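Q: Listed below are the residues making up each chain.
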Amino acid sequence: MDQQVKFYQTGTFTVGNRLLSPELRTVQASTARSNSLNSGHRACQGCGEALGARYAIDAAMRATSKRLIAANATGCLEVFSTPYPESSWQLPWIHSLFGNAAAVGTGIAAALHVRALKSGRTASDVRVIAQGGDGGTTDIGFGCLSGMFERNDDVLYICYDNEAYMNTGVQRSSATPPAARTATTMAVGAAPGAEFGKGKNVPRIAMAHEIPYVATATVADLHDLEAKVERAMTIRGARYLHILVPCPLGWGSASHDTIRLARLARETGIFPVFEAERGEVTRVSKIRRRVPVDEYLRPQKRFAHLFGANGHADMLQRIQDEADRNIRRFHLLDEGSAA
Amino acid sequence: MTMMKPFAITLDPGSSLANKTGSWRTERPVYVDRLPPCNGECPAGEDIQGWLFHAESGNYEAAWRHLTRDNPFPAIMGRVCYHTCESVCNRGRIDAPVGINSVERFLGDEALKQRWRFEWPANETGRHVLVVGAGPSGMSAAYHLRRLGHAVTVIEAGPVLGGMMRFGIPKYRLPRDVLDAEMQRIVDMGVTVRLGAKVSDIVQAMKDGGFDAAFLAVGAHIAKRAYIPAKDSARILDAVAVLRSMEGEAPPQLGRRVVVYGGGNTAIDVARTAKRLGATEAVIVYRRTREKMPAHDFEVEEALEEGVMVKWLSTIKQAEGGALTIEKMTLDAKGNPQPTGELETLEADSVVLALGQDVDLSLLDHVPRLRVEDGVVQVDPQTMMTSYPGLFAGGDMVPAERNVTVAIGHGKKAARHIDAWLRGVKLAPAAKHAPATFERLNPWYYSDAPKTVRPQLDLARRTSSFDEVQGGLTEDNALFEARRCLSCGNCFECDNCYGVCPDNAVVKLGPGNRFAFNYDYCKGCGVCVAECPCGAIEMVPEDV
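So the sequences go chain by chain: W and Y. Just so you know, this note's numbering puts 224 at position 224 of the first sequence, and the rest follows in order with no gaps. Just so you know, this note's numbering puts 238 at position 238 of the second sequence, and the rest follows in order with no gaps.
Take the hints with a grain of salt, since some may be wrong.
[Unchecked claim] So, partial list: chain Y residues that the calculated Cβ filter (under 7 Å) puts toward chain W:
| hint | residue |
| --- | --- |
| 1 | Pro13 |
| 2 | Thr325 |
| 3 | Glu327 |
| 4 | Tyr446 |
| 5 | Asn496 |
| 6 | Tyr521 |
| 7 | Ala530 |
[Said to hold, decoys possible] Below, in silico cross-link-like pairs of lysine to aspartate or glutamate (EDC-like), each with a Cα-Cα straight-line distance of 16 Å or less:
| hint | chain 1 | residue 1 | chain 2 | residue 2 |
| --- | --- | --- | --- | --- |
| 8 | W | Lys286 | Y | Asp448 |
| 9 | W | Lys200 | W | Asp125 |
| 10 | Y | Lys311 | Y | Glu291 |
| 11 | Y | Lys198 | Y | Asp212 |
| 12 | W | Lys66 | W | Asp139 |
| 13 | Y | Lys20 | W | Glu86 |
[Stated by the list, open to error] Short derived list, chain Y residues pointing at chain W, Cβ under 7 Å:
| hint | residue |
| --- | --- |
| 14 | Leu11 |
| 15 | Gly14 |
| 16 | Ser16 |
| 17 | Thr21 |
| 18 | Trp120 |
| 19 | Ile228 |
| 20 | Pro443 |
| 21 | Tyr445 |
| 22 | Lys451 |
| 23 | Phe480 |
| 24 | Asp495 |
| 25 | Gly499 |
| 26 | Asp503 |
| 27 | Glu531 |
Quick caveat, the hints were computed from the structure, so don't treat them as lab data. Computed from a predicted model, the values in this text were never measured in an experiment. Think of the CB as a built atom: it goes at the ideal place given N, C-alpha and C, for glycine as much as any other residue.
Please model the complete structure; the sequences and the hints are all you need to start from.
A: In structure tokens, the structure reads:
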């Protein structure tokens with residue numbers, strides 16, 4: 001993750017870099033990548049979730065030498081990838097219900113474990129990923145997820161967080177940020193959009209389970225995301241990876257801004273990117289060029305009501321305060337950085 | 001073997017590849033190449049970004065060969081070029097411009113160290129071209145003509161190769177072993193050189209020698225004079241003569257207090273030379289302000305560091321014995337200097353006039369229909385050909401800014417058009433790409449890296465010797481500096497587009513072959529365009 005490279009023009013900021021040694025290049029830079037989520041899927045233009053899912057699963061495929069099974073919750077990722085009888089998935093993949101992806105993952109892992117024991121091995125070489133959106137993870141599948149954590153089942157759970165129920169028409173989830181407009185938190189009244197003080201922070205809840213590994217990532221830092229998947233696959237037991245995936249449809253942003261917004265989420269402090277082991281934060285991605293939250297919020301129509309003549313400066317300030325709190329809590333600024 | 005289908009399932013599994021999502025698109029991304037500002041600015045037409053690309057991977061010979069396709073003198077350039085490329089470098093908007101000039105010097109020096117040679121032409125054309133003048137323009141033309149397979153004879157009035165690079169540029173800026181080596185490398189390509197021979201009638205010389213075409217680059221060697229009322233005892237010299245005599249056995253006698261009159265780079269060169277010859281005072285008298293001075297700012301700065309003094313807004317009214325009468329000037333509304341009547345006295349053992357140079361055009365006296373204006377030969381700026389067919393000219397003797405790099409560019413351009421003219425064809429001007437502006441870049445992706453500064457010779461040694469002032473970069477630094485290049489406007493295969501496409505619609509074609517779009521699946525989201533660091537992709541509307 002912390003690759004101390006000499007100066008290589010774009011260093012590890014870009015997907016590839018001919019000046020880097022091959023082992024430092026990303027999976028995505030290789031023509032040998034799995035393309036686990038293949039072309040022809042029906043995700044919207046500029047979909048952050050499609051991108052995040054390919055990044056994560058391709059990295060896991062390389063880490064496991066393609067010995068990998070995925071269980072999927074209901075949601076965009078399932079609907080756009082697998083309309084019967086077609087599928088974009090190029091690995092063994094199963095969808096059952098909206099809320100039980102973690103439980104299905106647990107079951108597959110248990111079955112693989114039994115098979116391994118019967119053939120005289122202590123653990124299966126086939127690994128399991130369970131994945132879903134924020135709705136399937138933080139709301140509907142939360143009980144199964146918490147159970148998987150507390151039993152320390154050998155599953156990597158990946159949440160692709162686009163901060164609302166996008167597939168069904170942009171309804172609020174417990175991952176929707178305050179002030180965001182959704183179909184169920186309209187931009188009307190004295191405090192338009194989603195309420196402040198509600199929702200849950202599942203990465204921190206996962207840490208509270210003291211599972212072996214918890215991490216957050218965004219689609220804007222590929223090297224970091226892949227390193228976290230790879231790290232997760234070296235560990236047995238319950239692991240949780242939470243990836244911020246901007247949604248042009250639900251966020252009201254331009255389709256070409258998907259990665260830029262993910263980058264700004266980190267650079268404002270709104271989305272802290274970190275790793276934790278057994279409940280302790282072990283590493284954070286420092287902010288490189290700190291910017292005020294306005295820069296992140298302004299390109300998104302779901303926050304449009306905060307700006308302009310009838311805007312809400314007080315709400316902007318509260319969002320800024322929350323970002324600042326993240327920066328303090330996770331020590332996101334380098335000592336003496338030009339913030 | 002047919003698989004038993006599960007309950008209620010009637011269709012075989014299919015791939016989403018059946019779903020051509022490219023039909024959703026209203027705009028398509030296309031790869032483009034754009035003209036980087038450095039390349040656009042270079043008077044010698046170097047593909048700077050192109051040779052930096054090779055240098056970035058440490059392949060210095062490939063970089064040097066790429067560079068010398070356009071300019072055979074990187075070691076000279078790396079010392080005397082005014083590198084206007086750096087002033088337009090987009091990296092300047094991020095931290096500091098790429099030190100193009102210092103990397104060029106490193107490559108030039110590396111070539112001399114490794115004794116890399118130019119290759120002989122593969123085929124001889126049987127045509128013979130005369131080059132008059134062995135300065136930067138003439139030798140550049142000789143090099144390019146030779147590469148194109150023509151026989152070349154260079155006739156030079158002086159005793160050695162180099163022209164103004166030898167007689168106009170002091171040693172502390174351009175050591176003579178470097179100059180000699182880069183000149184000799186061109187001679188080694190099979191160029192015939194006749195030194196100490198003056199061409200007095202070019203048409204006759206072409207006829208006598210059986211030349212098919214000629215390139216003139218005799219330079220501007222005649223110092224301009226200014227009328228200064230002077231008594232017999234005043235010692236007044238001209239800058240060209242002073243700098244020229246530095247190449248001879250006996251250095252010029254300038255005395256302890258030297259006044260240089262003029263504001264160009266030559267004035268600076270003379271003042272710095274005087275310092276090195278032991279003058280306690282070297283004073284430049286210039287009639288305008290520093291902002292208006294034609295000399296390059298970094299040279300003025302270096303001169304001031306070495307203790308050269310400048311009297312701004314001053315003219316020399318009279319010279320008498322060991323004293324000059326100086327009149328203070330003031331700038332009028334148009335910025336022109338006007339006398340104030342305020343006088344002062346300045347002691348001087350000698351006065352050196354550095355007021356510009358004229359061209360000796362006597363060899364053209366018998367050329368019919370030749371156009372000469374303002375003391376320089378008029379040429380077609382597209383081809384460098386004079387109004388006399390087959391006779392081309394360049395360098396200081398044609399209308400252009402007078403510096404080494406411009407002269408080298410003339411030589412290259414003339415050589416290409418001489419070659420075309422000999423083949424009886426016309427070269428169409430190459431279409432230029434649209435400029436690669438800073439606004440098209442995504443600077444996020446470039447690592448933070450401030451410019452590497454070249455070492456400078458200690459001040460004490462600078463003013464007491466003619467050792468080279470500017471040092472070179474080490475290999476590590478040169479590599480670092482090359483890698484600061486942003487590759488503005490041209491794909492450098494960072495794989496971003498290949499990685500960031502949510503639809504796997506970018507095809508990677510392998511090293512050197514860049515990428516292609518798979519329009520069957522590209523939905524036209526534009527993420528690749530937004531995340532391309534160097535602005536080498538753009539969206540164009542589909543016909544819908």
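Q: All hints are to be evaluated individually against the structure, with a verdict given for each.
A: Hint check results:
1. Pro13: holds (6 Å)
2. Thr325: Since the shortest Cβ distance to chain W is 55 Å, the answer is violated.
3. Glu327: violated (51 Å)
4. Tyr446: Cβ of Y/Tyr446 sits 6 Å from chain W, so the hint holds.
5. Asn496: holds (5 Å)
6. Tyr521: Hint holds; Y/Tyr521 Cβ to chain W Cβ min 4 Å, cut 7 Å.
7. Ala530: holds (4 Å)
8. W/Lys286 to Y/Asp448: holds (15 Å)
9. W/Lys200 to W/Asp125: violated (34 Å)
10. Y/Lys311 to Y/Glu291: holds (13 Å)
11. Y/Lys198 to Y/Asp212: With Cα atoms ~19 Å apart, Y/Lys198 and Y/Asp212 exceed 16 Å; violated.
12. W/Lys66 to W/Asp139: Distance of about 31 Å is beyond 16 Å: violated.
13. Y/Lys20 to W/Glu86: holds (13 Å)
14. Leu11: Status holds, d = 4 Å.
15. Gly14: holds (4 Å)
16. Ser16: Result: holds, 3 Å to nearest chain W Cβ.
17. Thr21: holds (6 Å)
18. Trp120: Y/Trp120 check fails; min Cβ-Cβ to chain W is 33 Å, beyond 7 Å.
19. Ile228: At 55 Å from the nearest chain W Cβ, Y/Ile228 fails the 7 Å test, so the hint is violated.
20. Pro443: Violated - the Cβ of Y/Pro443 stays beyond 7 Å from chain W, reaching only about 10 Å at its closest.
21. Tyr445: holds (4 Å)
22. Lys451: Cβ of Y/Lys451 sits 12 Å from chain W, so the hint is violated.
23. Phe480: Holds, about 6 Å.
24. Asp495: holds (3 Å)
25. Gly499: Y/Gly499 check passes; min Cβ-Cβ to chain W is 3 Å, inside 7 Å.
26. Asp503: Since the shortest Cβ distance to chain W is 5 Å, the answer is holds.
27. Glu531: holds (5 Å)
Hint violations for this structure: numbers 2, 3, 9, 11, 12, 18, 19, 20 and 22, all remaining hints satisfied.
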